[in-house]
Amino acid sequence: MGIAEVADRVTNNHNMQIEVSLCAPFRTPKSGCSICADICPIGAIRISGNGVEIAGKCIDCGVCVSGCPNSVFRMKERNDEKIIEEIKARGKGQEAFRISCQRGDARADLSVPCLGRLTEAMFVEAIKTGISRIEILQPECRKCPNSKASSHIEGMISRALAIYEMVDAEKDKLIVKKIPLQPLLKEPGKSVSRRELLSAFRTKAVEVAAACLSEVGTEGEGKETFREVINKRPENFKRRLLIQALEGFPSLKEVHMPSADAMLAEIEVSSECTACGVCVTLCPTGALTQEWEEEKFCLSFKPSVCTNCRVCVEVCMPEAIWIKDSARLNYLMEDREIKVFEAKRKTCSVCRIDFVGAVKGLRPFGDSVAGADICPLCIDRHNKQMAIIQKRGFMRETGSPHDERRLK
Amino acid sequence: MSERGAFIPEEVLEASFKKPGPKQYTLWVDLEHCIGCQSCTMGCKAENNTPVGVDYNRVIEIEEGEFKNPKEKPEVRVYFVPMPCMHCGKPACMAACPVGAITKREEDGIVLIDKDKCIGCRYCAWACPYGHPQFNAEAKVMEKCTLCVQRVTKGLRPACVETCTAKVRFFGEVNDLTKLIRERRAQRAFVGPTTTEPSVMYTK
Amino acid sequence: MASIKPQNYAEINPADAERMGVKTGDWVKAKSPSSRHTPYYSNSLGDGWYKYQVRVTSRIRPGLFSICQSYGRFGAGARKWYTNGKEQPHDERIGAGFHINPLYMTDPVLKNIVMIDPVGGATQSFGTPLRLERL
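Chains A, B and C supply the protein sequences, listed in that same order. Counting from 1, position 293 in the first sequence corresponds to residue 292 in numbering that gives the first Met the number 0; the numbering is continuous, with no gaps. Counting from 1, position 28 in the second sequence corresponds to residue 27 in numbering that gives the first Met the number 0; the numbering is continuous, with no gaps. Counting from 1, position 53 in the third sequence corresponds to residue 52 in numbering that gives the first Met the number 0; the numbering is continuous, with no gaps.
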């Protein structure tokens, strides 16, 4: 880590940690996910070829922590577990539990920097404390400089309501109250001695330097390859907290949500699947797993781990995998693996890799190899070679109009 | 794949196409005099240490005509077409790679696979119109012709050009080679599809 | 080299191929006047017949059977072998292809030596008559 990066960390965001191996655009540039960059109130998040990074003055609002479905962002201070503890502590035996933001009601039971900081798990833990209702005191988000997070807040509330339906809580358990936008509270003026001021700086600087230097020490150990990073599969802690929150309920109703808004997905796989394993390798949370057994290939899916990030759909080249229109929220608690694709295992006599089934539209070459298993890629390569030879394209005098331009 | 086979949609190909860099280094192969000795394949293998089954350069043999009656004069012609990576202007392999392991260098237009990123899924081989990238079974990654980038950056010519016995392979910047072709009055031949703008030039 | 040509094949002219009804990739068996069955050649069919895979090409004159030698090895690391009881590395790809040594014609008088080209001193192969049948 160069000195510029250290300085950047020191001044900006030592509170935020990024677990990049969970980030969809890091794993594949074909992912269109840009949730974090879209909802960051100050636009401090940048998505690039190296994944995601905080490239600006982070204000520690934590909206990205809630926004990212895969828990890429982690906060050290006042993380999700701490907020849930606060909810459990303050919610006991209360009539109404009020939640607001920095620009809303400062005397609310739970005050977060921005309402976008809330997660589904927090909503579920709140009603488990036995309170009658939750009131979200929401100011006019659009007038706030943090307005970029407002669409995320709407989505979060609709998901929370769907979960409440699933756990059979009454609809009016969650109320959103509109309140006027308050100015940011300032600390009342306090006179401070010079010694106190400088020692406060020193403590802060030492704290931050210690945090950064602990990472610098590991630099010389050899960088991990991309493959090693994507195989790490760190924990999706937000999903763990949500599942823990839902465990308290005896039975769950079957509730469907349109898959565009849901926090998980139900996938289906067609016979076009070539068992290439790319979806398994690139799934950030490991919801898809594959098994090459003696006679067959199996692709399995674990719904409770899926976060609807769409990486599998975006990378599949044969377009054999897709997401159903709606998702059952009960699948959050579905721990078993569902078999989504199974096919007979064959071994290619040319390149010796394992493959599955016959692929429509690819003709095997020559009758002399009838009966021999040849993988689609070897067939395709042979067909391309034959096309070059037989089409006599190679003896053409001129090529396409494009070639004409280049020749000039 | 479905009936259409693996193809890269035009918009994806266009999207992956960056602004062309200052130079494009490439090869010029004269098919008229290639004798199919495979020295280029062997030289490439020795230089790049590829395992059995992986050849960065393959020489395709094309036979034309038939000879059945020994009393008649045979009208058979055999062509040899060496096919390395075409280092396309719009590489389909780059557009197809799900992890972005394939890049086209700005300074010399060479298309390279980053072996640390490659997950060995073979999508690049599906997408390549010439079927060029090959799977290295030991390292479990895809490999392809690098135009001997390790030699080119030192100012040397690629191994296949050095070892060619008939001296039919030439290496240089694409505009320089085009001028040379015109001076020699050689006739351009086109091997395979040109949708991806292959850089390697053939003449007959 | 195994990358370029992993196995050898018998090249025959399309006219002969049509007569016998074979295409590229089919199997034929060949016998020369002096060939006998040798058990350790994997392509031996017994009684002096040896099987080969065919490639039909116009580069060969009708009536000729052409095949690359030096393939189909069973020594030289193609099979498992041991030194002092310890197994040594072997690669079965070295043994790919078909053995042609048994087809060389032996000297009809001396019987234990192949015909030798009088000028060069090498094994004479071009004049060996063969019987070829489709398998």
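Hints are not guaranteed to be accurate.
[What the hints assert, rightly or not] Here are the computed lysine-lysine pairs in the DSSO-like style, where the Cα-Cα straight-line distance is at most 30 angstroms:
| hint | chain 1 | residue 1 | chain 2 | residue 2 |
| --- | --- | --- | --- | --- |
| 1 | B | Lys-203 | C | Lys-50 |
| 2 | A | Lys-343 | B | Lys-89 |
| 3 | A | Lys-383 | B | Lys-114 |
| 4 | A | Lys-383 | B | Lys-139 |
| 5 | B | Lys-114 | B | Lys-153 |
| 6 | A | Lys-91 | A | Lys-172 |
| 7 | A | Lys-295 | A | Lys-252 |
| 8 | A | Lys-81 | A | Lys-172 |
| 9 | A | Lys-91 | A | Lys-170 |
| 10 | C | Lys-4 | B | Lys-67 |
| 11 | C | Lys-79 | A | Lys-345 |
| 12 | C | Lys-50 | C | Lys-85 |
If you are wondering where the hints come from, they were derived from the structure by calculation, not from laboratory data. Quick caveat, the model's predicted, so the values are computed rather than measured.
Hint by hint, here is what the structure shows:
Note on Lys-203 of chain B and Lys-50 of chain C: the hinted pairing is violated, with a Cα-Cα distance of about 40 angstroms set against a maximum of 30 angstroms. For the hint linking Lys-343 of chain A to Lys-89 of chain B, the alpha-carbon distance of about 37 angstroms lies beyond 30 angstroms, and the restraint is violated. The suggested pairing of Lys-383 of chain A with Lys-114 of chain B holds, with an alpha-carbon distance near 25 angstroms, which does not exceed 30 angstroms. With a CA separation close to 24 angstroms, the supplied pair Lys-383 of chain A and Lys-139 of chain B stays within the 30 angstroms bound.
Taken as a hint, the Lys-114 of chain B and Lys-153 of chain B pair is honoured in the structure, with Cα atoms around 21 angstroms apart against an allowance of 30 angstroms. Note on Lys-91 of chain A and Lys-172 of chain A: the hinted pairing holds, with a Cα-Cα distance of about 16 angstroms set against a maximum of 30 angstroms. Restraint check for Lys-295 of chain A and Lys-252 of chain A: the C-alpha separation of about 36 angstroms exceeds 30 angstroms, so the hint is violated. With a C-alpha separation of about 23 angstroms, the suggested pairing of Lys-81 of chain A with Lys-172 of chain A holds against the 30 angstroms cut-off.
Between Lys-91 of chain A and Lys-170 of chain A the alpha-carbon distance is near 21 angstroms, which keeps this suggested pair within the 30 angstroms criterion. Our distance criterion of 30 angstroms between C-alpha atoms is met by Lys-4 of chain C and Lys-67 of chain B, whose separation comes to about 26 angstroms. With a C-alpha separation of about 27 angstroms, the suggested pair Lys-79 of chain C and Lys-345 of chain A falls inside the 30 angstroms cut-off, and the hint holds. Taking the CA atoms of Lys-50 of chain C and Lys-85 of chain C, the gap is about 34 angstroms. The hint is violated against a cut of 30 angstroms.
Of the hints listed earlier, those the structure fails to meet are numbers 1, 2, 7, 12, in rising order.
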